[in-house]
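Novice: Which chain is which? The protein sequence lines are A and B, in order. 1 is the number of the first residue of the first sequence in the numbering used here; add one for each residue after it. 344 is the number of the first residue of the second sequence in the numbering used here; add one for each residue after it.
Watch out, some of these pointers could steer you wrong.
[Claimed, not checked] Residues from chain B that face chain A, not an exhaustive set, calculated with beta carbons under 7 Å:
#1 Leu428
#2 Ala558
#3 Asp559
#4 Ile591
#5 Gln595
[Unchecked claim] Result set (DSSO-like, lysine-lysine): computed pairs, CA atoms no more than 27 Å apart in a straight line:
#6 B:Lys483 with B:Lys601
#7 B:Lys621 with A:Lys226
#8 A:Lys115 with A:Lys75
#9 B:Lys601 with B:Lys679
#10 A:Lys126 with A:Lys79
#11 A:Lys278 with B:Lys525
#12 B:Lys483 with B:Lys469
#13 A:Lys115 with A:Lys68
#14 B:Lys662 with B:Lys680
#15 B:Lys569 with A:Lys336
#16 A:Lys181 with A:Lys140
#17 A:Lys278 with A:Lys336
#18 B:Lys525 with B:Lys491
#19 B:Lys671 with B:Lys683
#20 A:Lys76 with A:Lys126
#21 B:Lys641 with A:Lys298
#22 A:Lys68 with A:Lys182
#23 A:Lys258 with B:Lys662
#24 A:Lys258 with A:Lys328
#25 A:Lys226 with B:Lys671
#26 B:Lys679 with B:Lys662
#27 A:Lys258 with B:Lys569
#28 A:Lys226 with B:Lys601
#29 B:Lys601 with A:Lys319
#30 A:Lys258 with A:Lys181
#31 B:Lys483 with B:Lys662
#32 B:Lys662 with A:Lys319
#33 B:Lys362 with A:Lys298
#34 A:Lys258 with A:Lys337
#35 B:Lys569 with A:Lys319
#36 A:Lys19 with B:Lys621
#37 A:Lys340 with A:Lys278
#38 B:Lys601 with A:Lys258
#39 A:Lys298 with A:Lys182
#40 B:Lys679 with B:Lys621
These are computed hints drawn from the structure, not numbers from a lab. For each residue, glycine too, the CB sits at the ideal point set by N, CA and C.
Residue strings, one per chain:
Protein chains: 2
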Amino acid sequence: MIPTIEWHNNHVRMIDQRKIPGRIEWFTCRGYRDVIRGIQVMVIRGAPAIGVAAAMGLALGARSIRSKLYTPFMKKFEKIAHEMLLARPTAVNLRWAVERMTRLAENMAELPVIKIKSALRQESEKILAEDIEINRRMGKHGQGLVPKGSTILTHCNAGSLATGGYGTALGVIRAAHESGKKIQVIADETRPWLQGLRLTAFELMEDGIPVSVIADNAAGSLMRRKRIDLVITGADRIAANGDVANKIGTYQVAVLAKINRIPFYVAAPISTIDPTIKNGDMIPVEERGPEEIYRFGKREIGPSGVRVLNPAFDITPAKYVSAIITEKGVIRPPFKKGIKSYL
Amino acid sequence: MIPTIEWHNNHVRMIDQRKIPGRIEWFTCRGYRDVIRGIQVMVIRGAPAIGVAAAMGLALGARSIRSKLYTPFMKKFEKIAHEMLLARPTAVNLRWAVERMTRLAENMAELPVIKIKSALRQESEKILAEDIEINRRMGKHGQGLVPKGSTILTHCNAGSLATGGYGTALGVIRAAHESGKKIQVIADETRPWLQGLRLTAFELMEDGIPVSVIADNAAGSLMRRKRIDLVITGADRIAANGDVANKIGTYQVAVLAKINRIPFYVAAPISTIDPTIKNGDMIPVEERGPEEIYRFGKREIGPSGVRVLNPAFDITPAKYVSAIITEKGVIRPPFKKGIKSYL
Numbered sequence: 001m002i003p004t005i006e007w008h009n010n011h012v013r014m015i016d017q018r019k020i021p022g023r024i025e026w027f028t029c030r031g032y033r034d035v036i037r038g039i040q041v042m043v044i045r046g047a048p049a050i051g052v053a054a055a056m057g058l059a060l061g062a063r064s065i066r067s068k069l070y071t072p073f074m075k076k077f078e079k080i081a082h083e084m085l086l087a088r089p090t091a092v093n094l095r096w097a098v099e100r101m102t103r104l105a106e107n108m109a110e111l112p113v114i115k116i117k118s119a120l121r122q123e124s125e126k127i128l129a130e131d132i133e134i135n136r137r138m139g140k141h142g143q144g145l146v147p148k149g150s151t152i153l154t155h156c157n158a159g160s161l162a163t164g165g166y167g168t169a170l171g172v173i174r175a176a177h178e179s180g181k182k183i184q185v186i187a188d189e190t191r192p193w194l195q196g197l198r199l200t201a202f203e204l205m206e207d208g209i210p211v212s213v214i215a216d217n218a219a220g221s222l223m224r225r226k227r228i229d230l231v232i233t234g235a236d237r238i239a240a241n242g243d244v245a246n247k248i249g250t251y252q253v254a255v256l257a258k259i260n261r262i263p264f265y266v267a268a269p270i271s272t273i274d275p276t277i278k279n280g281d282m283i284p285v286e287e288r289g290p291e292e293i294y295r296f297g298k299r300e301i302g303p304s305g306v307r308v309l310n311p312a313f314d315i316t317p318a319k320y321v322s323a324i325i326t327e328k329g330v331i332r333p334p335f336k337k338g339i340k341s342y343l
Numbered sequence: 344m345i346p347t348i349e350w351h352n353n354h355v356r357m358i359d360q361r362k363i364p365g366r367i368e369w370f371t372c373r374g375y376r377d378v379i380r381g382i383q384v385m386v387i388r389g390a391p392a393i394g395v396a397a398a399m400g401l402a403l404g405a406r407s408i409r410s411k412l413y414t415p416f417m418k419k420f421e422k423i424a425h426e427m428l429l430a431r432p433t434a435v436n437l438r439w440a441v442e443r444m445t446r447l448a449e450n451m452a453e454l455p456v457i458k459i460k461s462a463l464r465q466e467s468e469k470i471l472a473e474d475i476e477i478n479r480r481m482g483k484h485g486q487g488l489v490p491k492g493s494t495i496l497t498h499c500n501a502g503s504l505a506t507g508g509y510g511t512a513l514g515v516i517r518a519a520h521e522s523g524k525k526i527q528v529i530a531d532e533t534r535p536w537l538q539g540l541r542l543t544a545f546e547l548m549e550d551g552i553p554v555s556v557i558a559d560n561a562a563g564s565l566m567r568r569k570r571i572d573l574v575i576t577g578a579d580r581i582a583a584n585g586d587v588a589n590k591i592g593t594y595q596v597a598v599l600a601k602i603n604r605i606p607f608y609v610a611a612p613i614s615t616i617d618p619t620i621k622n623g624d625m626i627p628v629e630e631r632g633p634e635e636i637y638r639f640g641k642r643e644i645g646p647s648g649v650r651v652l653n654p655a656f657d658i659t660p661a662k663y664v665s666a667i668i669t670e671k672g673v674i675r676p677p678f679k680k681g682i683k684s685y686l
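Next up, chain A with everything else stripped away, as it sits in the complex (with noise of 0.2 Å):
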């Protein structure tokens, strides 16, 4: 498997998923803002990878810093958190892994600042590894959902790559695979970043687990045609009632789902869960540039000067959502109270 981030000597190289499957290429980040250009251009994305980034790209940042004395040296480090914080505003683990990493620091007031540099960069990687050891969790919780011989819509990649490793949604898939129950994945190609046809499918193949993409479009009709059995997706942001920020496209995806009868599950960190978010709408929903939809690679598709909305993310209610798959277990309606319970 393909490692998603990682350190290579003293610098964290990202493997750029804007050439894949084209091209496996590293993304070599020297300083922080590397790893803030390579999140906002989407070298890396999806939401626990992203986390994984910005720790690993604070532990850079902090490691820049030239003042050996703790109280400059925090101020310099907020700074950067806090330009870090901005990358990126719908996916919440950007922000956890902010967090902790601050509070490392601040936690570590004592110490020499050479040795908070290197608990940084430790903890980014401890970072990392628990996202893959959650990862692996989540799909145990989550296989039981998985009739055998069944086949799972997913939509946009919440796999290995947008992760640490393993995946959310396809960590799900992969741990009903592995357990011999004969599924078949749907990968929605994902417009307008085709992340289900690139990343998906691709990830998928190398598994050697049967997966046929499809456009968009044509989800709700193979929902309708009872093609699909069950449909389960990553998560960017988790409000406190269960609403749930992911790729746009998400919602349409759900509210077909219930419409026909087919669970919707949702597979995601308890670090995405965001309890000071009371609902969906409150979560800031990024929107990106037009080109994403009117240029492909260099050529432009649509007609010169046409406007475009390319909102990145949509809120699917929890009305929606059938469970969400975590760490810790399977969370089912009512979702206020039970995400509590998780926290």
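Start from chain A and add chain B according to the hints.
Specialist: What follows is chain B alone, placed relative to chain A:
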């Protein structure tokens, strides 16, 4: 306005819709098989336009028959008509046009073959002119359903390029715009073929009607956020009970409109109604090649050898349709009764 299809000297030529908006190029048909190919590879598409093309193709085909005697002429003509019928399976307008042309030839058994040939060409020109006139009437009937200042979502291209001219869904939108209603349009880009981005946005920009393009994934989210007031699409075939076959993704849009209490209108000429089909699930749905999904131009985007499902149309059950706009008036539910009275 660019003509979709026309006679040019003794040939038929169509604007090559695969190349819009990048290039405006004619595709010249010297024989009926060129027309069939043009329909199959989607040089021309859209149910009413396919009907016009089929009629012109049959006139071309008739001209190429050498026999001067009626019986052998008709035998060959019927063979050509049968070939034409198979060009694409879903849009019923193709069958409608073939039957109209065949009936005309059948009713002229007494005339010299040369007269029949020229009558067939005239008939095909009449079908084109009628189609434009029908669209204008549809526009007049339909625009009453469009509130002032409203935002209209449309899917695929049901415009000038999908018809002889003016358009079905876009005809209604044009009529509303011409009446000074200050509307705006949101166009689903409509994967895999991107008719919305390439054709609908192009047409509306040419006409100065405000339009924004979105990924198909964003339609539901915009509806939930009350950014869309009504939906208008075209149709490829309408069953006797009001079920609608249309471009893949239409079903999803209709369900999402219903859930969000937004009217969903279908604009289509009476010739799109197929009274021989009881309900939508009896309509044949074309499955197109995988390369429409995994290739872009000549570039492969998906992983090599990826499996694809690519249904070109879907069925929207009548219960999701608020009204059907035809050239004879607006049909309201219950459709079975309404459709019967309009035929």
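Novice: Among all the numbered hints in the text so far, which are the ones the structure does not match?
Specialist: Of the numbered hints, 1, 11, 22, 25, 36 and 39 do not hold.
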